[in-house]
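There are 2 protein chains.
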Amino acid sequence: MLGKLNHVAIAVPDLEKASALYRDTLGAKVSAPQALPEHGVTVVFIELDNTKVELLEPLGEGSPIAGFLSKNPDGGMHHICYEVADIMAARDRLKADGARILGDGKPKIGAHGKPVLFLHPKDFAGTLVELEQV
Amino acid sequence: MLGKLNHVAIAVPDLEKASALYRDTLGAKVSAPQALPEHGVTVVFIELDNTKVELLEPLGEGSPIAGFLSKNPDGGMHHICYEVADIMAARDRLKADGARILGDGKPKIGAHGKPVLFLHPKDFAGTLVELEQV
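Sequence order for the protein chains is V and B.
Residue numbers for the first sequence follow UniProt numbering, so the first one is 1 and each next one is one higher.
Residue numbers for the second sequence follow UniProt numbering, so the first one is 1 and each next one is one higher.
These are calculated hints, taken from the structure and not from any lab test.
There could be a bad hint or two in this list.
Because identical chains share one entry, a pair is satisfied inside a single copy or across any pair of copies.
Unchecked claim - With a cut-off of at most 25 angstroms between alpha-carbon atoms, the simulated PhoX-like pairs for lysine-lysine come out as follows:
hint: 1; residue 1: 114; residue 2: 52
hint: 2; residue 1: 4; residue 2: 52
hint: 3; residue 1: 71; residue 2: 114
hint: 4; residue 1: 108; residue 2: 122
hint: 5; residue 1: 71; residue 2: 29
hint: 6; residue 1: 4; residue 2: 71
hint: 7; residue 1: 95; residue 2: 29
hint: 8; residue 1: 17; residue 2: 4
hint: 9; residue 1: 122; residue 2: 71
hint: 10; residue 1: 71; residue 2: 95
The structure presented is a predicted model; accordingly, all values stated were derived computationally and were not measured.
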């Protein structure tokens with residue numbers, strides 16, 4: 001069922017500082033910041049040779065990463081996103097196995113314009129897992 | 001400087017359970033467990049199409065992930081490993097930029113038999129970063 005690792009998301013309190021760190025100190029290819037107000041984050045992509053890392057900074061009121069950053073003020077790895085070919089088939093299999101889907105269990109359009117689901121960290125070794133249909 | 005994302009490591013309290021989850025529920029290709037007593041962990045590799053995820057369970061006394069699991073009893077993302085071509089050049093550049101290298105600052109032979117360094121999470125957006133020379 002799982003395809004590629006689409007991205008690892010790292011929540012950061014200061015996107016400019018984290019971008020400079022990846023660009024200047026680690027020598028990575030770093031995108032310009034992109035505001036995604038409908039997702040409550042501003043994102044910067046770190047383009048690696050085989051996948052990407054996304055740096056997320058809260059945007060606006062009620063950002064979905066605000067709680068995480070209040071618990072982890074330095075930032076930290078927030079979620080991991082795996083690609084699937086068929087998100088509805090993935091959802092049905094997960095539900096049949098008793099895994100909890102966050103929200104109302106229906107795929108939403110994610111930050112890349114593709115259908116996504118988030119899985120409950122308690123069911124996935126303490127890790128927030130995003131599935132994205134590609 | 002950064003090449004591929006070599007792996008994301010997830011520390012888990014129960015390796016058998018986490019392996020079954022990735023194999024049976026998420027339908028991923030999962031290796032047999034491999035004990036690495038010199039690193040204080042037992043590891044299972046989740047082989048994805050473009051990279052891998054490593055599930056780590058503490059092995060023996062003083063495992064380097066024991067503290068993390070006592071703070072995160074369900075498990076969680078422990079570190080992210082990036083590939084570099086020249087680990088000594090990477091280290092010198094990082095030190096020149098004021099980033100802290102863990103331990104004595106000398107590369108060790110990591111779990112894959114290659115030279116590795118770990119960077120201080122406080123300097124890398126709250127994320128424990130491993131660099132591996134490939």
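Verification of the hints:
Taking the shortest alpha-carbon separations for residue 114 and residue 52, both the intra-copy value of 16 angstroms and the inter-copy value of 23 angstroms come in at or below 25 angstroms. Taking the shortest Cα distances, residue 4 and residue 52 sit within 25 angstroms of each other both inside one copy (11 angstroms) and across copies (9 angstroms). In the homo-oligomer, the alpha carbons of residue 71 and residue 114 never lie at most 25 angstroms apart, since the shortest distance is 29 angstroms inside one protomer and 34 angstroms across protomers. Taking the shortest alpha-carbon separations for residue 108 and residue 122, only the intra-copy value of 21 angstroms comes in at or below 25 angstroms, while the best inter-copy value is 34 angstroms.
For the identical chains of this complex, residue 71 and residue 29 are neighbours neither inside a copy (29 angstroms) nor across copies (33 angstroms), given an alpha-carbon limit of 25 angstroms. Taking the shortest Cα distances, residue 4 and residue 71 never come within 25 angstroms of each other, neither inside one copy (29 angstroms) nor across copies (30 angstroms). Taking the closest pair of Cα atoms, residue 95 and residue 29 come within 25 angstroms of each other only across two copies (20 angstroms); inside a single copy the shortest separation is 38 angstroms, beyond that limit. For the homomeric pair residue 17 and residue 4, the shortest alpha-carbon distance between copies (22 angstroms) is at most 25 angstroms, but the shortest distance inside one copy (29 angstroms) is not.
Proximity of residue 122 and residue 71 under a CA criterion of 25 angstroms is satisfied in both settings, with 17 angstroms inside one chain copy and 15 angstroms between copies. Taking the closest pair of Cα atoms, residue 71 and residue 95 never come within 25 angstroms of each other, the shortest separation being 29 angstroms inside a single copy and 29 angstroms across copies.
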